[in-house]
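Those protein sequences? They're chains A and B, same order as listed.
Using the working numbering, you'd call the opening residue of the first sequence number 1235 and step up by one each time.
Using the working numbering, you'd call the opening residue of the second sequence number 362 and step up by one each time.
Because the hints were derived from the structure by calculation, they are not lab data.
None of the values given here were measured: they were computed from a predicted structure.
Hints may be right or wrong, so weigh each one.
Which chain A residues stay away from chain B? Per the calculated CB distances, all over 12 Å, these [as the list claims (entries may be wrong)]:
id: 1; residue: F1354
id: 2; residue: F1375
id: 3; residue: F1470
On the chain B side, residues computed to face chain A include the following (Cβ under 7 Å) [as the list claims (entries may be wrong)]:
id: 4; residue: E370
id: 5; residue: L436
id: 6; residue: A441
id: 7; residue: K443
id: 8; residue: Q471
id: 9; residue: L484
id: 10; residue: A487
id: 11; residue: I488
id: 12; residue: E495
id: 13; residue: S626
id: 14; residue: L630
Glycine included, each C-beta is placed from N, C-alpha and C at the ideal position.
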Amino acid sequence: MTKYLTLLKLSWQNGLVYRLSLFTWRLRQFLSSLMSLTVWTVIFTSNNNAFGYSQDNMITYIFLIAFLQSIIIASSLNGLAQRIYSGEISNHLLKPFNIFAFFAIEEIADKVKNTFFLIFETFILFLLFKPLISFPDFKIFSIFLIWCFGGLIMNFFISLLFGSLGFWSPQVWGPKFLFFMILEFTAGKLFPLDILPKILQKIIYITPFPYLSFLQIQLFLGRLNSNDILHHSLIFITWIIFLGLSTKYIWDKGLRSYEATGQ
Amino acid sequence: MKKTVIKIENLKKYFKVYKKEPGLIGSIKSLWKRKYETVKAVDDISFEITQGEIVGFIGQNGAGKTTTLKMLSGLLYPTAGKIDVLGFRPWDRKPAFQKQFSLVMGQKNQLWWDLPAIESFYLNKAIYEIPDKEFDITLEKLATILDVKDILQIQVRKLSLGQRMKCEIIAALLHSPKVLFLDEPTIGLDVVMQKILRDFIKIYNKEFGATIILTSHYMGDVKELCERVIIIDKGSKIFDGKLDDIINKYARNKILSFTLGNGTSENDLKEYGEIKSFENQRATLIVPRIQATQIASKILNKFKIIDLNIEEASIEAVIREIFGDKNNKQEK
Ligand SMILES: Nc1ncnc2c1ncn2[C@@H]1O[C@H](COP(=O)(O)OP(=O)(O)OP(=O)(O)O)[C@@H](O)[C@H]1O
Ligand SMILES: [Mg+2]
């Protein structure tokens, strides 16, 4: 157990070395939330309902998306493919420490750090906009937390899968970029997905993307009935299992062709 | 009878490299049709090493030394053949195995770049589950021998190459590995540091009965540390035996280099040995090994010499001599 804690502490320390880039990145996140909040506040001065969202709902939506963005989607593993291709992971492979545990801890350290900043940011936004955020009941909230955890796991597998491209090729920016583009639109970050045409929504709902933020928020806002919850939970679990198995399979293959370059 | 610690049989590692035809047309063609070529980095090598041996692993650039060490460490999956280290198959990467060896590469770093070295040491302590007391004693000992006590608190990125290398060595040895793979550990170090490191490797080997494989392009390292050497070339083993045997048997020449006072021409030197270079009064001669000192003193007597150096032929030269390459005299 101590080895995990020591690594966690070290990752955290390491993450704080480059404070400037950390602050700029957080500032970007903060400004993006600030902008969304302002835009939607303006929209709601003339309407009290937009796309089926009341003003409070929409504000809650934006607060939540900022939160989930940092907790589910942000990942310290974005450069993983490069680290594999350059042979940097050799260090971890040589030690009696499971490499996936290593990545998981790196992620946790990163997320704890994000959350820490996020609490401050949220506090400031709170003072500025004084939103009315109503929490769901205990049962829904518990499912919300579980879904958040599920989203986090799912994103972890996705990051590992993208990273594994580094076993074979240095050119991973293409697919990664495409993924981010799709993610921007389909995780509900830019706008709620339910303003899209029905047919498009149907397609998006069978992909993993809405499980990376959007559905968690829908759940929180009380916009899903128990049928929906069950339905989505099943798809969610299926995706997690599928992605988990794929990750294992691909990594087994990848490690066999790993070339440990770098010297 | 000493225990066999490392045993490899018919080990092979082939890499598939993608070959691009030159030019624009080649680039376009390669979009749908790629040509691959097989590089036989290690091609059917076998050997056994017993406990406590220090074996020098030598060969020219690209011979397959690093590749072999990476397979012995479980980083690379062999194309064919068997490896047994301490009774484990390295590729399985079992923690019980990983706790007993270390791979040190001259240019690779395991230390956390942005943190002081001591932090990485603590992490290793946790990962290798080293008891507090043992850790303190080992660290104290290593830091004293390598003289790094006052730099352990400094960010690794700010250390000099040699200081960093020392810290790397400490990080690799904290868990007192029984088997050590050293890949060019003295690369880039000054002569004083090289000496310290060599002495240190010797002590470590004696004290822990550690089994060590060492690669180096410095004959000095190998000469001082290894009784036995394995020479590989183009992925195959071409020599396995006592170091003395190669030097006596194959290294027939030594290299004399010196700077002359003015007024001596290249021609005057011809009778003393093969002239390898002569430029700005600086000369390099290749002379028979046994006569090296004799010839040196003759030259010192006859000419005005500013400085003089007698060197062993390089590992590369020895290897080439083993091959019986006729051209070696011209090249060095
Ligand atoms: N990942 C790789 N892909 C393709 N070829 C490789 C790869 N790694 C090594 N090789 C090739 O395998 C051969 C052996 O390389 P290796 O690094 O083992 O040599 P070495 O004996 O350590 O050389 P050096 O003394 O220069 O360190 C070289 O020809 C090298 O180009
Ligand atoms: Mg090498």
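A quick look at each hint next to the structure:
The Cβ of A/F1354 lies farther than 12 Å from every Cβ of chain B, with a closest approach of about 24 Å, so its non-interface assignment holds. Its beta-carbon lying about 36 Å from the closest one in chain B, A/F1375 satisfies the requirement of being farther than 12 Å from that chain. With 12 Å as the threshold on Cβ separation, the claim that A/F1470 sits away from chain B holds: the shortest Cβ distance comes to roughly 32 Å. The interface hint given for B/E370 is violated, since its Cβ lies 20 Å from the closest Cβ of chain A, which is over the 7 Å cut-off.
For the restraint placing B/L436 at the interface with chain A, the shortest Cβ-Cβ distance is roughly 4 Å, inside the 7 Å limit, so the hint holds. With its C-beta approaching chain A no nearer than about 13 Å, B/A441 sits outside the 7 Å limit, and its interface hint is violated. For the restraint placing B/K443 at the interface with chain A, the shortest Cβ-Cβ distance is roughly 17 Å, beyond the 7 Å limit, so the hint is violated. With a least beta-carbon distance of about 5 Å to chain A, the hint placing B/Q471 at the interface is held under the 7 Å criterion.
Because the smallest distance between the Cβ of B/L484 and any Cβ of chain A comes to about 5 Å, under 7 Å, the interface hint for this residue holds. Given hint, B/A487 at the interface with chain A, holds; its Cβ is 4 Å from that chain's nearest Cβ, closer than 7 Å. Satisfaction of the interface hint for B/I488 is found here, the shortest Cβ-Cβ separation to chain A being roughly 5 Å, below the 7 Å cut-off. Given hint, B/E495 at the interface with chain A, is violated; its Cβ is 15 Å from that chain's nearest Cβ, farther than 7 Å.
Interface hint at B/S626: violated, since its Cβ lies 45 Å from the closest Cβ of chain A, which is beyond the 7 Å cut-off. With 7 Å as the threshold, the beta carbon of B/L630 stays out of range of chain A, its nearest partner Cβ sitting at about 41 Å, so the hint is violated.
The earlier numbered hints that this structure contradicts are 4, 6, 7, 12, 13, 14.
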